[in-house]
Structures are given as C-alpha cells and as structure tokens.
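Colleague: Could you slot chain B with the ligand onto chain A? The hints should help.
Listed in order, the protein sequences are those of chains A and B. First residue of the first sequence? That's 171 in this note's numbering, and the numbers climb one at a time after it. First residue of the second sequence? That's 1249 in this note's numbering, and the numbers climb one at a time after it.
None of these hints come from the bench; they were simulated from the model. Among these hints, one or two may not hold up.
List of simulated lysine to any residue pairs, SDA-like, C-alpha gap at most 20 angstroms [said to hold, decoys possible]:
1. A:K226 with B:R1358
2. A:K232 with B:I1301
3. B:K1313 with B:P1398
4. A:K214 with B:R1358
5. A:K235 with B:E1367
6. A:K215 with A:Q247
7. A:K214 with B:K1376
8. B:K1268 with A:Q247
9. A:K241 with B:E1294
Pulled from the structure, derived: some chain B residues nowhere near chain A, Cβ distances all over 12 angstroms [said to hold, decoys possible]:
10. E1257
11. R1258
12. P1361
13. P1382
14. R1419
15. R1427
If the Cβ cut is set under 10 angstroms, some of the chain B residues that face chain A in the computed set are [stated by the list, open to error]:
16. E1272
17. R1322
18. P1351
19. H1371
20. L1374
21. I1378
22. R1392
23. A1403
24. D1404
25. I1408
Where a beta carbon is used, it is the ideal one built from N, C-alpha and C, also for glycine.
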Amino acid sequence: MTCTELIEYLSQYIDQELDTELEKAAQEHLASCRNCSVALDTTKKTITLGRLALAKPLAGAKREKLYGRLKQAFEDQTKTGG
Amino acid sequence: MTEEDTLIERLRKKDETAFKDLFELHIDHVYRLAYGILQNEDDAEETAQQTFIAAYRAIDRFEPKAKLSTWLYRITYNNALNILHQRKQNDPLPDDESERFIPSSLIDWRFEPEQLLLEEETHLQLEKAISTLPPAMRAAFILRDVEQIPIHECADIQNISETLCKTRTHRARLLLRERLSEYFSERK
Ligand SMILES: [Zn+2]
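Pulled out of the complex, with its shape left as it was, chain A reads as follows (with noise of 0.2 angstroms):
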C-alpha cells in the first residue's frame, strides 16, 4: 500500500470498515511510515478534539431564552390556526 492509499482509506480505517486484506495492508503500511502514522494518530485526535469541545449541552441562560423564543413563536403559530 502507497502513502497516498493510505490516506484515502484512513477514515475507513478509523472506523474499522474496512475488510481483512485491507485492514492487514493498512496495518503494515503504517508500521514502517513514520508520515502515515502522525497523520492516523493526529486525526484521531482531531476526531477527539471535535467531539469534546462540540458535544456539550447548550448553557442555561442560552436554553431559556431560546425556549422562550419558541414557546412566544409557538403559541403564535397555534393561535393563528396551526
């Protein structure tokens, strides 16, 4: 498997999709390419990075007054005939 083989099939790879062969290339591939491992190891954390940052509730403040906006916009709706 080339480098640039590698890199098109990284996401698979993260995501284990991909079959047997694949996957035992792959695997081999990257024990002997330094480039090719910072760039697995640096997406995963980037995945990470992304999901800890992003996957938060909204604030408190931020929820009511969005609930209240939706709750004033709702009872418009329903009032004129929804």
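Modeller: Coordinates of chain B with the ligand only, in the frame set by chain A:
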C-alpha cells in the same frame, strides 16, 4: 410503548407539556447541527425555532418506524441549508467527489486532546478551523464525529449516499487535522 412513542402520542394530542419535553430532549442536537452548518448564533436559533415548530405541526405525518432524532436532524439540516441559500453564501454543496487531499503537516501533536481542551485558545482554534470548511463538510463532521450517528442515518439525514457521506466526513477530518496541526504540532 417506548418513551418516544408516548411523547409522540402526547404531541399528537397537542399536550402542551409535550412541546417542552420535545425541546428538552432534542434542542442540544438540533442546535449543534444548525450552528455547525451556519456558524452563526442568530441563524442557528432561527433554524432551531423553525425546526421545532415544523416538527410539531407535522407530527401526524411522522412515520412511527423512524427515529424522532433522525427526523428532527433532517428537518434541521434542510432548514439550515435554506437559510444558507437565502444568505447566498458560498455553495453549501460543492462538488466534493473529485480531487484528493494530501496531508502536508506531518508532525505529531505535543498534547492529548483532553489536555489541549483546558486552554481557551484550543476552542478558538477549533472553531476557526471548522469555519473554514464548506458547510456540507461541516454537517458531515458534526453528524458523524460529534453526534456519532451511524453512517446510514447520516446519509439519510442529508439525503445523500453513504459513500458521499463517508467522503465528506473523510475530507472534513483531513482538512481539520491539517488546520489544527498547524497550531498544535510539537514545534519550538
Ligand atoms: Zn505512508
């Protein structure tokens, strides 16, 4: 009857407290996807509002076999794209099937994500990196990697093939990795 079935029943009967329950259960997800696509708080709020009202009004047409969350994500996704369209911003759905992306910044990061997140600057850099992606790629990344939705549901929400959904997620990951590496690499 599952809790979701009960909620849907209550929504159909126009039970007033059901609307609040729908909001509490799903607002985080709806808002995250909307904000992810639009990158603007006012537009994300507008999208969330449109989504809950549309869902409430269309609840009788909701397929009992489907998942409420998938349905809400789909309405959110479409509403957000409509707003983008109104804003006439850059094409939300670029032809992203061609052209390979080759990583160029290949130095390992100095810290683990958990450590990086302790710094305010990390959050800013991440926001900045995400904002440089095309909206469709942002949507794929949010759905797959932040919300961790299975690929078939992801494709369904965006009304695209699983292959295209995978391609967009892959491109998004590589581009984000590249931008973040420029900042987080072990350099002097
Ligand atoms: Zn390589």
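Colleague: Each hint should be assessed against the structure and marked as holding or not.
Modeller: Each hint, compared with the structure:
no.	hint	in the structure
1	A:K226 with B:R1358	violated (25 angstroms)
2	A:K232 with B:I1301	holds (18 angstroms)
3	B:K1313 with B:P1398	holds (17 angstroms)
4	A:K214 with B:R1358	holds (14 angstroms)
5	A:K235 with B:E1367	violated (28 angstroms)
6	A:K215 with A:Q247	violated (45 angstroms)
7	A:K214 with B:K1376	holds (19 angstroms)
8	B:K1268 with A:Q247	holds (16 angstroms)
9	A:K241 with B:E1294	holds (13 angstroms)
10	E1257	holds (19 angstroms)
11	R1258	holds (15 angstroms)
12	P1361	violated (4 angstroms)
13	P1382	holds (16 angstroms)
14	R1419	violated (9 angstroms)
15	R1427	violated (9 angstroms)
16	E1272	holds (8 angstroms)
17	R1322	violated (19 angstroms)
18	P1351	holds (5 angstroms)
19	H1371	holds (6 angstroms)
20	L1374	holds (5 angstroms)
21	I1378	holds (8 angstroms)
22	R1392	holds (9 angstroms)
23	A1403	violated (14 angstroms)
24	D1404	violated (17 angstroms)
25	I1408	violated (16 angstroms)
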